[in-house]
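**Student:** Taken in sequence, the protein lines are chains B and R.
All the letters of the first sequence, read from the start, carry residue numbers 1 to 153 under full-length UniProt numbering.
All the letters of the second sequence, read from the start, carry residue numbers 1 to 492 under full-length UniProt numbering.
Just so you know, these hints were derived from the structure itself, not from any lab.
Since we're looking at a predicted model, the values are computed, not measured.
Take the hints with a grain of salt, since some may be wrong.
[Claimed, not checked] The following label-pair restraints were derived from C-beta to C-beta distances:
1) 112/R - 104/B: 16 to 26 Å
2) 104/B - 477/R: 30 to 40 Å
3) 116/B - 199/R: 23 to 33 Å
4) 87/B - 140/R: 42 to 52 Å
The beta carbon of each residue, even a glycine, is placed where N, CA and C say it ideally should be.
Residues per chain, in single letters:
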Amino acid sequence: MAYLHLFAQHGVALSRMAPLDIFHVETGGCTACALELRMLARGLVATCGNMRFVSTPRQAALLLLTGSLTVEMAPVVELAWQAMPGPRALAAVGDCAVSGGVFPPNYATLGGVGTYARTSLSLAGCPPAPEEILAALLNWHGRDDAGAASPGQ
Amino acid sequence: MSRDVSALIRAEEPTACRERFVLEPTAWREMAEALPHAALPLAGLWADGAQVHALFMDGVAPLIASVAVPDGRYHALSPARAGAQAHERIIHDLWGIEAMGARGTFPWLDQGHWPVTWPLRERPPPAPAAPEGVEFTDGATMHGAGGTMVGHGPADGGFQAPFYLRLGLPGARVGTVSVRMGYAHRGLCARMRGRMPVEGARLVARIEAMASVAHQRAFSHALAAATGRILPEGEEKASVFLSELERIASHLEILVQAAGLVADARFVATGASLLERVRQVCRDLCGRRFLFDVLPPAPGAARKLVLADGVVAELRAGCMELMRLFRRPRGLATRTVDRGLLPADVARKWGIAGSTARASGMEGDLRRYMPASRPEWTGGPLVGDVTARLAIRLRECRQGVEMLAALGGVAMPPVPPVPEHGSGEGLGLTEGPAGPVWHWLRLEGGRIAAWWCGDPSLAQVQALPDILSGAMEADVALILASLGLSAASADL
Numbered sequence: 001m002a003y004l005h006l007f008a009q010h011g012v013a014l015s016r017m018a019p020l021d022i023f024h025v026e027t028g029g030c031t032a033c034a035l036e037l038r039m040l041a042r043g044l045v046a047t048c049g050n051m052r053f054v055s056t057p058r059q060a061a062l063l064l065l066t067g068s069l070t071v072e073m074a075p076v077v078e079l080a081w082q083a084m085p086g087p088r089a090l091a092a093v094g095d096c097a098v099s100g101g102v103f104p105p106n107y108a109t110l111g112g113v114g115t116y117a118r119t120s121l122s123l124a125g126c127p128p129a130p131e132e133i134l135a136a137l138l139n140w141h142g143r144d145d146a147g148a149a150s151p152g153q
Numbered sequence: 001m002s003r004d005v006s007a008l009i010r011a012e013e014p015t016a017c018r019e020r021f022v023l024e025p026t027a028w029r030e031m032a033e034a035l036p037h038a039a040l041p042l043a044g045l046w047a048d049g050a051q052v053h054a055l056f057m058d059g060v061a062p063l064i065a066s067v068a069v070p071d072g073r074y075h076a077l078s079p080a081r082a083g084a085q086a087h088e089r090i091i092h093d094l095w096g097i098e099a100m101g102a103r104g105t106f107p108w109l110d111q112g113h114w115p116v117t118w119p120l121r122e123r124p125p126p127a128p129a130a131p132e133g134v135e136f137t138d139g140a141t142m143h144g145a146g147g148t149m150v151g152h153g154p155a156d157g158g159f160q161a162p163f164y165l166r167l168g169l170p171g172a173r174v175g176t177v178s179v180r181m182g183y184a185h186r187g188l189c190a191r192m193r194g195r196m197p198v199e200g201a202r203l204v205a206r207i208e209a210m211a212s213v214a215h216q217r218a219f220s221h222a223l224a225a226a227t228g229r230i231l232p233e234g235e236e237k238a239s240v241f242l243s244e245l246e247r248i249a250s251h252l253e254i255l256v257q258a259a260g261l262v263a264d265a266r267f268v269a270t271g272a273s274l275l276e277r278v279r280q281v282c283r284d285l286c287g288r289r290f291l292f293d294v295l296p297p298a299p300g301a302a303r304k305l306v307l308a309d310g311v312v313a314e315l316r317a318g319c320m321e322l323m324r325l326f327r328r329p330r331g332l333a334t335r336t337v338d339r340g341l342l343p344a345d346v347a348r349k350w351g352i353a354g355s356t357a358r359a360s361g362m363e364g365d366l367r368r369y370m371p372a373s374r375p376e377w378t379g380g381p382l383v384g385d386v387t388a389r390l391a392i393r394l395r396e397c398r399q400g401v402e403m404l405a406a407l408g409g410v411a412m413p414p415v416p417p418v419p420e421h422g423s424g425e426g427l428g429l430t431e432g433p434a435g436p437v438w439h440w441l442r443l444e445g446g447r448i449a450a451w452w453c454g455d456p457s458l459a460q461v462q463a464l465p466d467i468l469s470g471a472m473e474a475d476v477a478l479i480l481a482s483l484g485l486s487a488a489s490a491d492l
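Same shape as in the complex, but just chain B (with noise of 0.2 Å):
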């Protein structure tokens, strides 16, 4: 698609065309997150929607993180935010997630990933619902989309 960015007006990057490309870690959580992700997950798939679940950092857009994050777990996150390619982006989703939840730091975990790094989306809930996830990711990415589009951005 990079030659189009030729042809564009204004010579500004047109928006992203292709689907939204999710890789979700879970990092240490109860895993109830994780499952209304999947439970979401089913749902695009049964709409066919602009917007996937992958199973490898080298082809996603959006790091997505549930649970609280355990020392084990840091240097794996860290590898698969090296390992996902050009302009990307980092979801935390849950309580545990945001800020800790009911997990905060010890010698196991580090607490919220939203506590230590820069995240584009950030949803608390203990759960949040599928629709709520949705609702969220569709709304980042519209703004994504606009602001990438938008001349002179």
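Could you slot chain R onto chain B? The hints should help.
**Tutor:** What follows is chain R alone, placed relative to chain B:
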């Protein structure tokens, strides 16, 4: 011979916990040496810093043997009970207490990234520098055969709790299996110490979302035993109601996962719709789609648990439709037959219990011994493949719906009185969606001084090399889904 070991344990000093006896080190050693000749299944092994405790099932009654470990060592049980291996390694990782003569001494939870060593000790020493990577020993068989090594997890874009599985593939079938745990370890034992019981209940509800009620219920049983409180029948009925609602949701989740893996779209659509309906029912009854904070109920929770008109009929019809789809020609049952075989003797060797063990032909449904239960709700022989495990889950879904219908509306249990300065010790158990869930706690001055939780997932993780060896690599995800093992509740 079981009687001998049981009598040996019961002859020792009794404790405040009526199932627990403290053995002298010599008696513990005698017990460990007699265990290979006894049929006393090991259900758990843990430490509290001063003592190591082994939980056995003496028939249907729990029996705990304890031994003091003043010098930080005790006689290992893993030579007699294979399922003790992971427990012994976890005790060493958390407390630095060594099992003498243990099978397998590598760390289980501590993979070298924790800032301290033996974190549950009063003064844990600092940890050495974190390792650069992990080395796996693949064995001479794999080196001789060549082939490839395939990794599953801990981050593969899936929706399960993280753990790592390394499979050696000399051909299309799995040759060697290595498991690495600890990614989901949240230090729950350290978090529970010093908490009020009510705070502890909020935490145990979030050990594993698919077995939240089971953990809350076992914890409340342990707390009641520790404080000498007798649970009223109404409270037990509400627990059974919520447990069955959770069991239906958990089994449906696993069935839909398995159907997705064999691309049975009709089963996925029907099952996922029914699962979503159950989650909505949970939200209508308790304010959440997952049954967190129901035992004891959170402030503002509903006073009575009553299913809306038509819900039972809807769930019953959904289960019947799933059973029809499951057994139809080229359906889920026929496409998963003879895969992931877990024979009864292997299940017994690793101490596997619950629906997975029942699918292997072992009897072990604790629900039949619970109050407000009926014998006709449980039972049945099966052969231990993926089809059997899924069939058991489907059957238990239908039984769960009938149990909900039979129970009707139940009153939500009140918040139990919290002992302000109470002390005591208690053991609680319940049959969760995956199997028996145990909680043991000691109260001192109204706060939790020591706590342990036993979950069926740990035995399943240990049995993975036996279950997956010889399986087709393409079936691994399906076999894992059918087991329903949770790294979150295995690692705690």
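**Student:** Which hints from the list above does the structure break, by number from lowest to highest?
**Tutor:** Hint check: nothing fails, all pass.
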